[in-house]
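Student: Residue numbers (our numbering), protein chains in the order written: chain A, 13 to 412; chain B, 7 to 187; chain C, 118 to 345; chain D, 8 to 359.
In case anyone wonders, no lab produced these hints; they're calculated from the structure. One thing to keep in mind: the hints can contain errors.
[Said to hold, decoys possible] 25 Å max Cα-Cα, derived DSS-like pairs, lysine-lysine:
hint	chain 1	residue 1	chain 2	residue 2
1	C	K141	A	K194
2	A	K294	A	K248
3	A	K66	B	K96
4	D	K160	A	K22
5	A	K197	C	K267
6	C	K267	A	K183
Now for the letters of each chain:
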Amino acid sequence: MIVEKELSTKYLTVSMGPQHPATHGVLRLVLELDGETVVKCTPDIGYLHRGMEKLGENKTYPVDMTLTSRLDYCSAVANEIGFCIAAEKLLGVEVPERAKFIRTMTSEMVRIASHIIWIAAHAIDIGAMTVFLYSMRDREMILDLFEMLCGARLLHIYPRIGGVRCDVDQKFLDQLWDFTEKFPKLIEEYETLIDQNRIWWQRTKNIGIVSAEDAIALGLTGPTLRGSGVPYDIRKVAPYDAYDKVEFDVPLGKNCDVYDRYRCRMEEFRQSNRIIRQCIEKLPGGLVLNPDAPGLDMMPGPLKKAAPAPAPAADGTAAPAPKVEAGPAFTEIYSATEVPKGELGYYMVSDGTGRPYRMRVRTPSFVHISALQRLCVGVLVADVIALIGTIDIVLGECDR
Amino acid sequence: MGPKEAAEVLRKSFESEVREISEFNAGQVSVTVAKEKIREIMRFLHDAPELQFHFLSDICGADYMGKKEPRYEVVYNIFSMPNKAYLTIKAQVPEDDLAIDSVMDIWVGADWRERECYDMYGIKFSGHSDLRRLLMPDDWDGFPLRKDYPLQADLGDREWKGYIDVIETYKRNKVYEVHSR
Amino acid sequence: MTLQQFVNRVFLIDIIKGMALTLKMMFRHAVTRQYPDEVRDPIPSFRGRHAFVRDQKTGKEKCIMCMKCSQICPSQCIHIEKGKREDGKMYLAKFEIESLRCIFCGYCVEVCPVCALDLTEEHRYSSYTREECLFTRERLLSNWDSLAAKWKEDTYFNKFWRPDGIDSSKMPKAKRELAPIPLRVAAAPPAEIATAKPAAEAKPEETAQPAPPAEKPAAEEKGKETAQ
Amino acid sequence: MDTNIIYNGFYKLIGITGEPGVLAMTVAILIGIVVVLAVVLLHVAYATYFERKVIGHMQLRLGPMRVGPHGLLQPIADGLKLFFKEDIFPATDFKTVFRLAPIYTLFAALSSLAAIPFVSTFYIANINVGILYIFAISAVSTYGIIMAGWASKSKYAFLGGLRSAAQLISYEVAMGLSLVGVMIMAGSLNFIEIVEAQQTHWYGMYLIPQFLGFFVFAIAAFAETNRVPFDLPEAESELVAGYFAEYSGMRFSLFFLGEYVAMIVMSSMSVLCFFGGWTLPPFLTNAIPALNMIPGIFIFIGKVYFHIFVFYWIRATLPRYRYDYLMRLGWKVLIPLALVNIVITSVIKYLA
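Modelling step: build the complete structure from the supplied sequences, incorporating the hints.
Tutor: Here's what the structure looks like:
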């Protein structure tokens with residue numbers, strides 16, 4: 013008699029990362045594979061944990077800003093602007109109009125730069141190597157522009173509580189204008205290579221479908237959410253800076269798949285380009301920094317409200333600031349901005365001193381990676397790569 | 007409906023739970039609630055047809071050691087898409103009962119943010135499916151974002167084992183180091 | 118499926134378009150720079166290697182030991198020590214910047230009331246040892262000299278000393294009235310400064326009124342000539 | 008003996024007239040092997056240089072520039088570096104298999120060269136079933152990959168090996184079927200006869216009547232050589248480096264050599280079966296008689312290099328297939344297409 017025995021099989025556990033070419037830094041995914049199909053995916057983070065929230069509580073506001081640019085190092089200036097907006101709301105500082113436009117302009121520039129990183133990484137993960145180099149060529153132009161603007165290419169530290177650090181000059185604006193003229197043609201180059209390509213379609217269409225309800229429940233934001241057709245863009249629903257003064261569309265996806273998210277971001281390139289052009293056209297005159305804003309040399313002790321730190325009285329021009337009592341014991345603010353990767357929220361609590369009492373950063377990548385364990389079930393290993401690409405993560409932001 | 011009105015609606019429904027409603031800087035409305043019925047409150051905010059706070063922006067903890075009583079707060083920042091309003095819900099968690107209900111059944115995405123809150127403050131979320139440390143190593147001692155946790159300290163022998171390993175490996179491998187000029 | 122889509126699909130139009138693009142790009146100029154041979158000109162106001170502005174009158178740094186830079190520094194990489202002379206005056210005993218810890222935010226440049234510090238446009242200063250990356254006062258001054266030697270224009274002004282578009286009425290006087298620093302006219306040529314440096318190093322706090330830098334090396338060279 | 012110039016030249020050199028003995032034949036064949044290997048391996052070295060330059064320029068880069076003028080000595084520098092690199096072993100129980108795997112792959116790739124006639128008078132062995140021989144040998148090379156994947160004791164390498172096995176089995180079928188049309192038209196499996204049969208037509212290459220077969224063959228050739236867009240066994244972003252993830256130094260470079268030799272073999276096969284080998288189409292040579300002066304070997308090498316260029320060109324353009332789509336393409340598109348091609352060819356042949 014033949015006894016039929018079931019062949020004993022077991023899942024193959026693969027530790028993808030933290031050193032892996034496609035995990036964008038130090039993300040580790042513990043995949044359980046049944047053949048090539050993922051049965052379970054457990055993301056493991058914390059390899060880049062720098063204790064940013066703890067550090068932020070121990071440093072003054074201007075110094076905290078230098079920490080925030082290390083969150084998402086691909087779009088440093090957007091993080092800094094988010095921080096400054098939160099701090100301005102908390103400390104009650106007004107921003108001059110010109111600074112608002114410059115901030116809008118720079119955060120759209122950095123959106124382009126960040127999306128370029130995304131398309132480069134996404135394409136090279138799926139195997140289209142050339143898109144990487146074409147897009148890096150164009151990112152170089154943005155970085156040069158940033159270098160002209162604030163002297164740094166990657167970690168700009170450009171905005172300032174109460175405005176921006178320095179004014180833009182005409183040469184910069186001309187060069188930026190030239191860039192916006194050129195850029196739409198350059199996007200078409202990437203699209204020629206992948207947009208209609210059948211292999212790209214096969215790799216991205218109907219992969220990683222997240223319905224609108226699921227996406228909201230998971231907390232996805234930014235283009236990742238808009239790819240599912242949810243028109244949630246903080247630039248529209250709660251405009252900050254000069255976003256209520258410029259026109260732009262919010263591209264939405266229909267099929268909720270990787271391809272639609274790709275299309276959303278490609279469309280955002282064009283919208284960002286449009287916003288930059290409007291900002292240059294509408295740029296008002298005036299100062300770029302509120303003279304009453306707290307200066308860099310903010311003291312960690314109790315704040316004298318609405319008074320800049322007195323300058324060293326070498327000349328006597330600085331009028332002695334009127335002493336105002338510190339506000340209520342604890343004031344708090346949740347301020348969200350739309351950074352390239354999604355919603356960047358700062359929950360800050362002030363106790364009336366020069367240091368935030370609590371600085372919480374809600375970063376899009378953190379939430380997106382937490383969604384990965386639910387997205388990556390039942391897909392193939394190759395799709396895991398496409399999914400990591402489509403949610404556009406930066407681990408510096410995730411681990412903080 | 008603005009956040010202020012939403013907070014009033016919440017107060018009407020949960021009279022005994024809502025401790026305080028504060029408004030700051032036009033638009034930042036915080037509602038301080040007791041922790042016991044947090045899941046019901048969140049369910050109400052999520053489901054009530056006039057509120058529809060469908061989007062959970064963030065969950066985080068806060069430690070007011072020596073400044074406020076009770077010591078801890080779990081802060082929920084939620085957003086209502088139809089009303090375009092942010093609302094901050096703060097649930098008070100006393101030090102001697104460090105636990106609160108998880109809201110994972112309302113928002114799946116609360117998963118990691120609750121884990122992080124546990125990791126950083128040691129607040130336990132009852133009902134969470136997988137409450138482990140997230141950012142810190144599994145065998146880490148202490149909860150870093152508590153105010154009594156020092157920013158910098160020389161622990162000597164009580165240093166975390168992983169760090170001691172790194173140091174020892176470095177010392178062991180120092181003989182192979184190629185010295186520069 | 119429309120006819121066009123069908124044609125595209127069967128005749129691989131999408132792939133052919135992509136291949137046409139890559140073939141076209143093959144005959145374009147490459148964007149690569151052959152780095153060590155082809156160095157890009159630095160963009161003015163780039164935040165690079167640290168330097169002390171050499172004061173033309175004294176030939177030394179302008180620092181007034183207000184400690185603002187070391188307080189603001191996010192990475193706490195500036196170490197300043199004050200010394201006290203016999204006549205009760207303070208002098209700068211030690212000024213060190215650990216450039217390996219520096220995050221190049223430029224806060225120190227901006228906060229300095231006398232514009233003594235500078236993040237120069239020099240970005241190529243890697244070295245084999247950590248010691249070389251510790252910028253002492255002398256090192257910072259020689260950094261300035263090497264910048265002055267390389268700088269193409271006659272004057273130098275760092276944007277962050279007095280940023281544009283910001284109300285400067287509350288700035289300290291030295292900052293408010295700072296003019297672009299001439300590099301060619303009054304400052305001694307870099308070669309002579311290099312010879313002057315050892316002397317400055319040997320007795321940095323020796324004289325209350327140091328001789329103008331242009332004279333000192335000249336005198337030294339004369340001395341050398343006569344010795345020969 | 009046949010008209011092979013290596014052997015004939017050698018026999019003349021040692022003064023043999025008439026039938027050479029076994030020893031002389033063996034020595035002559037060995038000399039032939041050495042010549043072919045030396046030439047091909049040199050070409051492989053420069054094929055890597057060519058690849059880096061071509062892809063570099065397509066991506067607006069320059070490619071290697073630092074070693075020698077325009078980086079011309081780069082392949083030699085690479086070779087030296089790989090040769091002197093430490094040979095690292097993973098903690099595997101199958102050290103012998105691990106050692107043998109790259110040698111096996113390279114050996115299989117190199118032995119396919121034996122059956123390829125570079126011109127009608129220059130080859131190592133004139134086998135009358137040359138096509139079948141090359142199929143058989145190139146299928147063997149997948150053993151090396153599977154061995155490497157298995158012996159590396161790494162999950163990525165293991166998955167790479169599995170993928171490679173599946174891919175090779177699927178595409179071997181499609182490739183074989185795609186060449187049946189050529190065999191039917193030429194009535195032979197011998198490469199020289201196939202080339203000569205192409206010369207009897209005015210167009211001079213089977214590419215024109217057998218375009219369907221060529222299409223299938225080309226795609227299958229990409230898959231057989233593990234090149235983009237079918238480089239799944241070594242997919243960098245998924246499996247890190249696939250089956251050779253654990254290899255270093257010389258053993259790694261043997262895999263590398265094997266891949267490039269396989270590419271040259273596949274290009275040569277395509278040239279012989281579809282592009283008229285070392286001949287030019289009669290309509291061209293009739294129009295411009297001066298073209299007859301070009302030595303056949305240059306025409307052959309030129310055509311092979313064009314193929315290799317297309318390999319690189321595709322690599323610079325296309326994304327990577329997914330595993331299941333690859334299988335689907337092989338079984339659901341290519342094999343039916345090849346069968347259709349066979350039917351059409353046979354019907355036409357029968358009617359003509």
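Student: Given the hint that K197/A pairs with K267/C, does the C-alpha gap stay at or below 25 Å?
Tutor: violated, 38 Å
Student: Given the proposed pairing of K141/C with K194/A, does the C-alpha separation stay at or below 25 Å?
Tutor: holds, 18 Å
Student: Taken at face value, is the distance from the CA of K96/B to the CA of K66/A at most 25 Å?
Tutor: holds, 20 Å
Student: Below or equal to 25 Å on CA atoms is what counts here, so check K267/C against K183/A.
Tutor: holds, 23 Å
Student: Does K22/A sit within 25 Å of K160/D, going by the straight-line distance between their CA atoms?
Tutor: holds, 17 Å
Student: Between K294/A and K248/A, is the straight-line Cα distance small enough, at 25 Å or below?
Tutor: holds, 19 Å
Checked against the numbered hints given earlier, this structure breaks only hint 5.
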